[in-house]
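J.: Heads up: the sequence shown begins at 21 in this note's numbering, then just goes up one per residue.
Nothing false has been slipped in among the hints.
Pairs of lysine-lysine, BS3-like flavour, derived with a Cα cap of 27 Å:
1. LYS23 <-> LYS38
2. LYS62 <-> LYS31
3. LYS31 <-> LYS77
4. LYS234 <-> LYS152
5. LYS198 <-> LYS234
6. LYS198 <-> LYS103
7. LYS77 <-> LYS103
8. LYS227 <-> LYS183
9. LYS198 <-> LYS227
10. LYS135 <-> LYS179
11. LYS179 <-> LYS123
12. LYS123 <-> LYS103
Distance windows between CB atoms, simulated:
13. THR169 <-> ARG139: 31 to 41 Å
14. LYS23 <-> PHE125: 14 to 24 Å
15. ARG237 <-> GLU64: 44 to 54 Å
16. ASP53 <-> GLU89: 13 to 23 Å
17. GLY172 <-> ASP214: 29 to 39 Å
Rather than coming from a laboratory, the hints here were simulated on the basis of the structure.
The C-beta atom is built at its ideal place from N, Cα and C for all residues, glycine as well.
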Amino acid sequence: MAKILIADDEKDIVRLLKIYFEAENIQVLEANDGQRALEILKQENVDIALVDIMMPKVDGYQLIKYVREKMDRYVPVIVISAKVTLSDRVLGMDLGADDYITKPFEPLEVVAKIKSQLRRLNSETISAEPAKTIEVGDSILNLDECTYTQNGTTVELTKAEFKVLELLMGSPRRVFTKEQIYESAWYEDGAVDDNTIRVIISRLRDKVGAEHIKTIRGLGYRFEN
Numbered sequence: 021m022a023k024i025l026i027a028d029d030e031k032d033i034v035r036l037l038k039i040y041f042e043a044e045n046i047q048v049l050e051a052n053d054g055q056r057a058l059e060i061l062k063q064e065n066v067d068i069a070l071v072d073i074m075m076p077k078v079d080g081y082q083l084i085k086y087v088r089e090k091m092d093r094y095v096p097v098i099v100i101s102a103k104v105t106l107s108d109r110v111l112g113m114d115l116g117a118d119d120y121i122t123k124p125f126e127p128l129e130v131v132a133k134i135k136s137q138l139r140r141l142n143s144e145t146i147s148a149e150p151a152k153t154i155e156v157g158d159s160i161l162n163l164d165e166c167t168y169t170q171n172g173t174t175v176e177l178t179k180a181e182f183k184v185l186e187l188l189m190g191s192p193r194r195v196f197t198k199e200q201i202y203e204s205a206w207y208e209d210g211a212v213d214d215n216t217i218r219v220i221i222s223r224l225r226d227k228v229g230a231e232h233i234k235t236i237r238g239l240g241y242r243f244e245n
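My request is simple: use the sequences and hints to build the entire structure.
T.: Put into structure tokens, the structure is as follows:
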């Protein structure tokens with residue numbers, strides 16, 4: 021049975037979601053503040069975490085950083101928050117969140133996203149193969165180490181930036197639509213956020229060079245050597 025941590029100081033929300041998850045045979049671990057959520061993460065083998073941002077003691081951003089920097093295995097994190105601005109969403113994704121759900125929400129949508137993440141997690145296998153890389157000219161993307169180098173220099177990328185660059189570099193000169201780019205980084209079919217994509221593309225241009233990330237007006241973007 022999969023275990024989900026629900027970290028939210030709104031107890032009614034936790035109780036509501038617990039009903040839905042238990043109906044799907046998913047065990048729920050409850051935390052009404054960030055400190056309790058940290059204790060659960062340290063003590064339990066949590067499969068996935070649903071995290072509010074605004075919580076007492078320890079906020080959701082700190083929880084995401086703990087999961088990504090301190091845990092020895094990958095645990096998907098989905099943010100569920102009343103913070104709806106673009107900067108809030110981008111910050112959550114930059115820290116390593118796998119998805120971002122805004123309040124108010126439809127419980128069935130939350131359950132569907134959690135089940136999708138669990139299926140993806142269960143389907144992934146770790147092998148002892150040599151490091152997988154994508155090389156386009158002097159740009160090298162190491163998929164195992166999640167690093168990007170250009171002319172031998174390592175360039176720091178956020179998770180969302182890395183996923184978008186992986187898509188573009190995987191098929192150089194192919195034009196990818198905004199829908200395809202959004203799905204590559206956030207796994208949300210049909211939920212394209214133009215502003216979020218513009219922010220990520222703009223930052224990628226600053227980091228890897230504007231000459232490599234081309235806009236094809238009315239169509240999308242492509243990577244060029």
